[in-house]
Amino acid sequence: MKNILKVIIIAPLIGAGGAVVLSCDKAVTEPIKEAYIPTKLDENAGTWKPYILTSSSEVVVSAPKAITDAVYLKELDSLKNKILPVLTPTNKDAIAYWGAGAVYRWNEIARELAARYNVPPASNAEGKYPVPDAANPLADPKFPFANPPYTARALAYLSVAQYDALVSTWNYKFKYNRKAPSKNDATISALLPVSDLPSYPSEDAVVAAASYTILVAMFPGEVPYLDAKLAEAKNARVWAGTNVPSDITAGDALGKAVGAKVMAKAKVDGMSAANNQTLVAGQIEAAKSRGIKDTWVSQEAPVRPPMLPNYGAVTTWNFDKATLTKIRPVMPYVVGSAEWQKEFGELEKINKSQTREQARIANYWADGAGSYTPPGHWSREAANLCHDNKFSEVATARAMALVSTALMDAGIACWDTKYYYYTPRPQQFGLKTSVGLPNFPSYTSGHSTFSAAAATVLGSIFPSKVTEMNDKAKEASNSRVYGLIHFRVDCEMGLVHGAKIGEFAIARGKTDGSGY
Amino acid sequence: MYAFIVLVCVTSSVYAQMPHDVIYMPKKTACIAVSYSNSSWKEYWENTLKRENLNMGTHTTQSIIPMVAVGVTDKLNVIVGLPYVSTKTSAGNLMGQKGIQDLSGWLKYQLVKNDKGISLHGLVGGSIPVGNYVPDFLPMSIGLQTKTAIGRLIANYTHKSGIYLTAHASYILRSKIKVDRDAYQADNRVYNTNEVSVPNATDVAARLGYIKDGSRIQAEFFAEHFTCVGGDNIRRNDMPFPTNNMTFTSVGFYGKYQPKNIGFNVRVAKVVDGLNVGQSMSFSVGLLYQLNYFKKEEKK
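Protein chains in written order, with the working numbering: chain Y, 2 to 517; chain G, 1146 to 1445.
Since the hints were derived computationally from the structure, they do not count as laboratory data. Heads up, some of the hints might be wrong.
[As the list claims (entries may be wrong)] Heads up, simulated EDC-like pairs for lysine to aspartate or glutamate below, C-alpha to C-alpha not over 20 Å straight-line:
#1 Y/93 - Y/233
#2 Y/129 - G/1383
#3 Y/475 - G/1358
#4 Y/257 - Y/223
#5 G/1233 - Y/349
#6 G/1195 - G/1325
#7 Y/41 - Y/197
#8 G/1220 - G/1358
#9 Y/129 - G/1348
#10 G/1233 - Y/301
#11 Y/34 - Y/382
#12 Y/433 - G/1281
#13 G/1323 - G/1340
#14 Y/50 - Y/504
#15 G/1321 - Y/31
#16 Y/184 - Y/26
#17 Y/473 - Y/358
#18 Y/27 - G/1377
#19 Y/473 - G/1327
#20 Y/184 - Y/78
#21 Y/27 - G/1358
#22 G/1243 - Y/349
#23 Y/27 - G/1325
#24 Y/268 - Y/321
#25 Y/27 - G/1332
#26 G/1243 - Y/358
#27 Y/27 - G/1281
#28 G/1195 - G/1377
#29 Y/473 - Y/504
#30 Y/66 - Y/186
#31 G/1323 - Y/358
#32 G/1195 - Y/127
#33 G/1321 - Y/223
#34 G/1323 - Y/26
Keep in mind the model is a prediction, meaning the values are calculated, not measured.
Just chain Y, same shape as in the assembly (with noise of 0.2 Å):
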């Protein structure tokens, strides 16, 4: 009896002991993101030059019916009666889900994408790295390998489709000038912020349709995912009442036709070639007679094909191929050089006595395989900037567009800078990394190209961020050489580079029309 009583007082003491050390809740906490009304319409967005589309009415969207016509009252009182009084929890929570809004929403799947298609192909029993197949994505390696450039192109055409689409939608939107449903029957009461803004088409229904295009592209295994995504996206501003179906119908055609126009440019920018490994041999003897002794060379084993060697010759979105040589950084410093063995003997240092402070640099902006990339990480930036800052869906689009564009563009510079030079790894040199090696000739630092010319966009689209997005950019470029994968040098000259990128950006976005 006694013994029982022992078990007794000791069985809840061991539930307790965890009671009390830990807090069992296993739930991490996100950032919320929730609707809002947009600080401006922007209803001459109309007119704002797309980047693929010749004009805002290239694509037709036909008139919408009248509000007294009968068959849009049967959509209202439909909405009223039969939609709005039987929403589900699972209804509600997509309706803000969706309410963050489309390109903010869309924007994100695609970083999710990428993430999940950011690994290296595994070598096989033969020591070979089996190419991903398009044809087959779901097979092992899958395809796409959605690494830094990659990303950069999917996250660039993405960002361009749902600018041109939105373009063309407030063109139709001001043109034909149906409102919301809410603003035209005073009984129906909108789950979601309703502007001012006409309806017709669905600025949702087109940034879904028209990212929808460009991803089941992008990423062909994805399809059943982008269907579900695509279909809860349509239905959640109904279900939200902020719009009729017929709304819906005439923005998906439109996203889709918009879409296919852009990605029909994508298929022809070189993509397709800028795996040629065939290049190879030519551009490291090309490099050595420009006085690179050491070249690079992959430090993996099996001994893995450098990545995307001919990315460099992708057509790009905000220069021609003439500037694009004419701002390629200067041969960076030999091996062996003064210059040289001072950088390297800053690599060693942290290669003994890494500090805890540099590891954190070093990892935050890591952004290596299984993320979304760093241009995914300025991707996120950038939307974020424009949701905390009210931004309308067409005003998001084009700072998305901007910003992605050059993340592209510094991802095709800096590729053509690093074969060009094809400059070692400090790993060449007996040096460890707490990041992962990336296979890839060193100068220069994609991450620095990278983050320069998007910090420089979002300096310019939010004057009080300059600093701070300069700093960001600043600390993702010195993560480089605290992960030790980088000498001084790549990081420097590819923040230069990448600011440089930037303007071209910056520019096009002042003779937009936007007045931005």
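Using the hints provided, position chain G relative to the given structure of chain Y.
Same frame as chain Y, but now just chain G:
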């Protein structure tokens, strides 16, 4: 890429002497021990795929663990340990990590003991990170930065010949952690936060051994099974992450010889099956010193 049973093993080696046995330090005595552990693996389970990685070669974790066990009463012991851990690989270029890991402590209490050799013991334990090490640079990280709380029940039957059979079951609560990055992928999605949910875990073990002269001589074979409660898997050719469902079964031998107040122990274990962990082979040796000479027999 690879996994880190290492951490789990480090943790269990800290406890190797006591929190899973039924030996108690007598009242007013204490045992100080220092053990050295070495755990290494070449192959690991990437999800269910068993593989090696030429960019790692052999992964090795070494630790030095000072610990102390105190007999508060004959039936209640306190055990505390604090490891220093280092990691390295034989190939590739990942930087080895080293530092002080987590302070762990146990309370062990004899609940029931009858005259037929059957006893039941309850333990509560916990750990808190001491070193500010990086938890998500796996498999090089020396720990996960979780705070843990453990509840464990041990049942034992000891025949008068000295042959014994021990079994235990535990539940391990593990706290959320913070990482340096503010976004990461887990469960096939991106989390936009620096908070990471580390799954809870359970472990069960069975031991068959022989014990003599109190516990001056002890030898046993054991099998242990550690499993996470939920968690995701290492993605194809990707790195492990603290959210992974790290599961393993290991078998091994433990022996102790403590003729007087100075003694030593050895432990050898091999992982025979797993998920998201390295197939480690580990050994540890410990030097034991009992502060008060045995005034009375150790209880068993």
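Right, here's what the structure says about each hint:
Restraint check: the Cα-Cα separation between residue 93 of chain Y and residue 233 of chain Y comes to about 11 Å, which is no more than 20 Å; the hinted pair holds. For the hint pairing residue 129 of chain Y with residue 1383 of chain G, the CA-to-CA distance comes to about 17 Å; that is within 20 Å, so the pair holds. Between residue 475 of chain Y and residue 1358 of chain G, the direct Cα distance comes to roughly 67 Å. Violation of the 20 Å bound is thereby established for this hinted pair. The hinted pair formed by residue 257 of chain Y and residue 223 of chain Y meets the criterion: a straight-line CA distance of about 17 Å does not exceed 20 Å.
Restraint check for residue 1233 of chain G and residue 349 of chain Y: satisfied, since their Cα atoms lie roughly 18 Å apart, inside the 20 Å limit. The hinted pair formed by residue 1195 of chain G and residue 1325 of chain G fails the criterion: a straight-line CA distance of about 30 Å is larger than 20 Å. Straight-line distance between C-alpha atoms of residue 41 of chain Y and residue 197 of chain Y comes to about 10 Å, which keeps the hinted pair within the 20 Å bound. With a C-alpha separation of about 18 Å, the suggested pair residue 1220 of chain G and residue 1358 of chain G falls inside the 20 Å cut-off, and the hint holds.
With a CA separation close to 40 Å, the supplied pair residue 129 of chain Y and residue 1348 of chain G exceeds the 20 Å bound. About 17 Å separates the Cα atoms of residue 1233 of chain G and residue 301 of chain Y, which keeps this hinted pair within 20 Å; it holds. For a cut-off of 20 Å, the pair hint linking residue 34 of chain Y to residue 382 of chain Y stands: about 14 Å separates their Cα positions. For the hint pairing residue 433 of chain Y with residue 1281 of chain G, the CA-to-CA distance comes to about 17 Å; that is within 20 Å, so the pair holds.
This hinted pair checks out: residue 1323 of chain G and residue 1340 of chain G have alpha carbons roughly 5 Å apart, not beyond 20 Å. At most 20 Å may separate the alpha-carbon atoms for a hinted pair to count; residue 50 of chain Y and residue 504 of chain Y meet this at roughly 18 Å. With a C-alpha separation of about 13 Å, the suggested pairing of residue 1321 of chain G with residue 31 of chain Y holds against the 20 Å cut-off. In summary, the hint linking residue 184 of chain Y to residue 26 of chain Y is not supported, as the alpha carbons are separated by about 44 Å, beyond the 20 Å threshold.
A threshold of 20 Å between alpha carbons decides the hint, and for residue 473 of chain Y with residue 358 of chain Y the separation of about 15 Å falls inside it, so the pair holds. Pair hint residue 27 of chain Y plus residue 1377 of chain G holds up; C-alpha atoms about 14 Å apart against a cutoff of 20 Å. The straight-line distance between the Cα atoms of residue 473 of chain Y and residue 1327 of chain G is roughly 14 Å, inside the 20 Å bound, and the hint therefore holds. Between the alpha carbons of residue 184 of chain Y and residue 78 of chain Y the distance comes to roughly 14 Å, so the proposed pair stays at or under 20 Å and holds.
Distance hint between residue 27 of chain Y and residue 1358 of chain G is unfulfilled; the C-alpha atoms sit about 47 Å from each other, more than 20 Å. For the hint linking residue 1243 of chain G to residue 349 of chain Y, the alpha-carbon distance of about 18 Å falls within 20 Å, and the restraint holds. For the proposed pair residue 27 of chain Y and residue 1325 of chain G, the alpha carbon gap of about 19 Å is at most 20 Å, so the pair holds. A threshold of 20 Å between alpha carbons decides the hint, and for residue 268 of chain Y with residue 321 of chain Y the separation of about 18 Å falls inside it, so the pair holds.
The suggested pairing of residue 27 of chain Y with residue 1332 of chain G holds, with an alpha-carbon distance near 14 Å, which does not exceed 20 Å. Distance restraint check for residue 1243 of chain G and residue 358 of chain Y: the Cα-Cα separation of roughly 15 Å lies within the 20 Å cut-off, and the hinted pair is therefore satisfied. Among the hinted pairs, residue 27 of chain Y with residue 1281 of chain G is consistent with the structure: their alpha-carbon atoms are about 17 Å apart, no more than 20 Å. Annotation: proposed proximity of residue 1195 of chain G to residue 1377 of chain G holds, straight-line Cα distance about 17 Å (limit 20 Å).
Taken as a hint, the residue 473 of chain Y and residue 504 of chain Y pair is honoured in the structure, with Cα atoms around 17 Å apart against an allowance of 20 Å. For the proposed pair residue 66 of chain Y and residue 186 of chain Y, the alpha carbon gap of about 15 Å is at most 20 Å, so the pair holds. A hinted pair counts as satisfied when its Cα atoms are at most 20 Å apart, and residue 1323 of chain G with residue 358 of chain Y qualifies at roughly 15 Å. Proposed proximity of residue 1195 of chain G and residue 127 of chain Y is supported: the alpha carbons are some 17 Å apart, at most 20 Å.
Annotation: proposed proximity of residue 1321 of chain G to residue 223 of chain Y is violated, straight-line Cα distance about 31 Å (limit 20 Å). Proposed proximity of residue 1323 of chain G and residue 26 of chain Y is supported: the alpha carbons are some 14 Å apart, at most 20 Å.
Going through the hint list in order, the structure does not satisfy hints 3, 6, 9, 16, 21, 33.
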